[in-house]
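The task is simple: from the sequences and hints, build the whole structure.
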Amino acid sequence: MARFVLRRVALLAAVLFAVTFLGFSAMNLLGDPLVNVVGVLAELDCEGIEAGLVEDTTVDAASRDCDTVAAAKAQYHLDQPVPLRYVLWVGDLATGDFGTSFQNDQPVSQVVREKLPETLILLVMAQIVSLGVAVPWGVIAAYRANRAFDRGSTVASFGLLSVPNFALGVVLLYLLALRWQVFPSAYESDNLGGLVYSMVLPALTLGLPLAASYQRLLRTDLITTLQEDFVHMARAKGLPPLRIMFRHALRPSMFSVVTVFGVSTGALIGGSLVVEQIFGIPGIGREIVTAVIRDDFPVVLAIVMLVACTFVVLNFLVDLFYGWLDPRVRAR
Amino acid sequence: MADQAASAGAPLLSVRDLHVRFPTERGTVNAVNGVSFDLYEGKTLAIVGESGSGKSVTAKTLMNLLPRTARVSGEVTYDGKDVRALAAGKVKHFFGVQMTMVFQDPMTSLNPVKKVGEQIAETLRYHLGRSRGEALAEARELLNVVGIPEPARRVSQYPHELSGGLRQRVVIAMALACQPRLLIADEPTTAVDVTVQKHLLDLLDGLRRDRGMSMILITHDLGVAHGRADDVAVMYAGRVVETADARSLFFDMRHPYTEALLRSIPRIDDPVHHRLDPIPGRPPELIDPPDECAFAPRCVYAQADCLGGVPTLSGLVGLHRFACLHPTGTERGMAAMAANRAAGTTAAGLAVTDRGGGGG
Amino acid sequence: MNGEDRTTPRPGASRDRRASRQRLLWRFRVLRLVRPTEVPDDGPAGDEAAVRRRLGPAFWVAVAWLLTMAFVAVFAPMLPLADPTEVAYSGPRESPSFDAWFGTDALGRDVFSRTVHGARISLAVGGFAIVFGMAVGGALGIVAGYFRGRLDQAVGFLFFVQLSFPALVLAILITATLERSLLVVSLTIGILAVAPVGLLARASTLVYAEREFVAAARVIGARHGRIIVRELLPNVVIPMGALTLLGMAIAVVAEGSLAFLGLSVAGDDAISWGKMIVDGAGLRDLQNATHVAMFPVAVMFLTVLSLNFAGDRIRQYFDVKELAF
Chain A
1 MARFVLRRVA LLAAVLFAVT FLGFSAMNLL GDPLVNVVGV LAELDCEGIE AGLVEDTTVD
61 AASRDCDTVA AAKAQYHLDQ PVPLRYVLWV GDLATGDFGT SFQNDQPVSQ VVREKLPETL
121 ILLVMAQIVS LGVAVPWGVI AAYRANRAFD RGSTVASFGL LSVPNFALGV VLLYLLALRW
181 QVFPSAYESD NLGGLVYSMV LPALTLGLPL AASYQRLLRT DLITTLQEDF VHMARAKGLP
241 PLRIMFRHAL RPSMFSVVTV FGVSTGALIG GSLVVEQIFG IPGIGREIVT AVIRDDFPVV
301 LAIVMLVACT FVVLNFLVDL FYGWLDPRVR AR
Chain B
333 MADQAASAGA PLLSVRDLHV RFPTERGTVN AVNGVSFDLY EGKTLAIVGE SGSGKSVTAK
393 TLMNLLPRTA RVSGEVTYDG KDVRALAAGK VKHFFGVQMT MVFQDPMTSL NPVKKVGEQI
453 AETLRYHLGR SRGEALAEAR ELLNVVGIPE PARRVSQYPH ELSGGLRQRV VIAMALACQP
513 RLLIADEPTT AVDVTVQKHL LDLLDGLRRD RGMSMILITH DLGVAHGRAD DVAVMYAGRV
573 VETADARSLF FDMRHPYTEA LLRSIPRIDD PVHHRLDPIP GRPPELIDPP DECAFAPRCV
633 YAQADCLGGV PTLSGLVGLH RFACLHPTGT ERGMAAMAAN RAAGTTAAGL AVTDRGGGGG
Chain C
693 MNGEDRTTPR PGASRDRRAS RQRLLWRFRV LRLVRPTEVP DDGPAGDEAA VRRRLGPAFW
753 VAVAWLLTMA FVAVFAPMLP LADPTEVAYS GPRESPSFDA WFGTDALGRD VFSRTVHGAR
813 ISLAVGGFAI VFGMAVGGAL GIVAGYFRGR LDQAVGFLFF VQLSFPALVL AILITATLER
873 SLLVVSLTIG ILAVAPVGLL ARASTLVYAE REFVAAARVI GARHGRIIVR ELLPNVVIPM
933 GALTLLGMAI AVVAEGSLAF LGLSVAGDDA ISWGKMIVDG AGLRDLQNAT HVAMFPVAVM
993 FLTVLSLNFA GDRIRQYFDV KELAF
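Chains as they are written, first to last, in the working numbering: chain A, 1 to 332; chain B, 333 to 692; chain C, 693 to 1017.
Worth double-checking, as some hints may not be accurate.
Covered stretches of chain A, as calculated for chain C (at least 3 residues, CB under 8 angstroms) [claimed, not checked]:
hint, stretch
1, 15-22
2, 266-272
3, 278-290
4, 301-311
If you are wondering where the hints come from, they were derived from the structure by calculation, not from laboratory data. Note that the Cβ used here is the ideal one computed from N, Cα and C, for glycine as well.
Listed below in structure tokens is the structure:
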């Protein structure tokens, strides 16, 4: 087990390095980093202004801008040589200092703290929806494999997987919120109950297509498992079908689902960008889209780094969970 | 077997005219065609045959383990009750308590993600309502009974941590947990090391004796049946082709297939370079079988009348019965063999040389 | 230099298991449609090959739809359609009628004409992205799979890093730093395809690199470049080609998502289905002029469904699973 974990940790470190390095390159190596961070302000001749060499009618505004430029230089350690710059920047990230948005002077960490809970609730609810739908769906489909229900569910899941999630979101919004008014059409945050209730539609939008793919994986694995000798053995032991299904067959059939759980969370994060837009949820996804449109690069970079690193760590944890699920993996 | 007609009362398990068919895209597979036998309390019946002979399907039918697509007809009664009605779920604690099964491959018949102790304890808890602690203690005791060293440590191990032989012992312990009256062992030693096979078979036999259990021992190896079975049924192409008490079968066999099976296994008293006689040809086609003796294409005794219809099992249930028109060890058989040798070929076209195959 | 130094480790059980996980991850990432292998109903296996060798009528319906889309995309400017950008052609939010088949949107633009024109960007980006992904990813994958060793490890790590980003998030990081032109958007989505396609190419190369004909070519002294182009490429192209339509479905959805977020090709004349859907997705439009969003939703769904369905059939037809997975 120790070797297993150790190898995973080494890979985790390497990938985290590569991911942060990519982000760092996007800022520092694609064009002038100062331009990337503060935009046109980078062209100000601040030293000239300070020395009074440049005639500027709006000296006050200009010196304010120069403060911004100086702050940006300090924040991203632009005075340092590139390798050191990277180390210092990663150090900042690791200590939770994500920098400041130069568009609205807000610390990015504060923005993230405000917006993260909404997105997390959405993602968790989406995974709950997808697993909650997929497990019974897959179990029934496998139990009655190739019967009417199973054939119907194959068609249904194929259809669900072909709906782009923004299209599904719009259709669900129209049908369930506007037409039949089962769920609220907009985000509510008055109390936790209302919040969760208003998140049901977004979670369905994200979770249903995922449920379809989980269902297919689970069904295939379950059908294989149900033909295994140990399931016959369990039947020969006289255990009832439901008990065999859930106590014996389900867990060894979850490998595929667990394997793609981490990856699918990535798809959910991508989907949440869109879904938060549709349902007006003030989460990370909406924030990053707004930031891109405003050219607020520090915010974009910080959120991308946060999301990517979280995603990497999540996949690392899924790997460990995989080891728990199958004792045979641990042995190696 | 003559004394068995007089032995106490009704049989524990009685099978009459069992048919099992599987519809497939290429046609219906006739896996079992009219199998009948009786098993009395405390006795062992060996069902012997090559793969595809229908022996495992018969066992699975008894345990109600066939896939839903299988079409089953015939009568199976256990202790006077119809097993298939019991299997329909009317009786909760039947399989596992009255009747249970040990499978061929211990590598796959244990759940890989559960500790072996829990897998044994599960049966005890479900059928006998034991608490977790009690059940685990009993599981340790059972592991001890089946000869697993350090049972206290083994109960908390996973199947992949045990060797094949140990795993099969665990499977046996699991099967015996609720003291079943009938154990079906489907090729219990085929998948384990040769060196372990005899130990396992003796263990099974010993446990059966100690507990007065009945057993159906399924094997492709007549040698395994020898000395352990009270009765033997030889199956071929889904039919019982010869059945008798073990003594009569081994020393006075009648069916050429039984003879061929016996010739194809090595014996300890054979001379060193003795040639084993493999059975010529391949196992029969089970889809749309022709209306002839299924063994005829591979049989050195085959005559024209063998191709004219499926021979029926002669005689009364419980006596030495065989389904052959030219039985080995009889005058008809001798004559058939002599005729085939003279012709150099059987009626089904199998070449016969002087030393080839049969020859009484 | 001739292969003796290239040790091929005997894959052990753990390697197999890891490989099968990799395959699964790959299938999930690339196909999302993880089609269950058809399991015959418990009983003895049926004759599946015959089933696989038929494409079936539904396949041709899907192909017909795709061809129609491709046709209107190419010839949209020449077709007798209303100007897709002309504002207030027949009044805002008009219901579908004989004049405007799909009605008009909030600015009075003809939804039918816009839907037809929208096929241009969606399909162009989708097609370019998958071609780019195949060229770059395919080349990297074949080279990595053929030479093995450190190069393979490096390329594999690059793929792994790319897949460590949620795809849409990576796309945003790229579009945030560059101008949003048709080329940049196509390239961005094409880059997303590099790692998945590369993994597939690498896997198929590994299969073929050990076959006799490659060994034979090596023995007669063929140079690496020649072996790759003449022996490996034709074999690796089959599984990749069979997955083109499935990859394109994903690319079309990705472009739609970017457009929906307003991050696809910029400009008023750059019409895309994703943009049309977001235009009609305001509560007021949804309530009173449902058609503005629903027609592009339906067309897009049918297109993606056709791509997925036809792609899946082709994949089965070529039996790619056995080659690549």
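Comparing the hints with the structure gives:
Look at the stretch 15-22 of chain A against chain C: 4 of its residues bring a Cβ nearer than 8 angstroms to a Cβ of that chain, three or more, so the hint holds. Counting residues of the stretch 266-272 of chain A whose beta-carbon sits less than 8 angstroms from any beta-carbon of chain C gives 5, enough to reach three: the coverage restraint holds. Look at the stretch 278-290 of chain A against chain C: 3 of its residues bring a Cβ nearer than 8 angstroms to a Cβ of that chain, three or more, so the hint holds. Proximity of the stretch 301-311 of chain A to chain C, defined as three or more residues with a beta carbon under 8 angstroms from a beta carbon of that chain, is established by the 5 residues found.
Violated hints for the displayed structure: none, as all numbered hints are satisfied.
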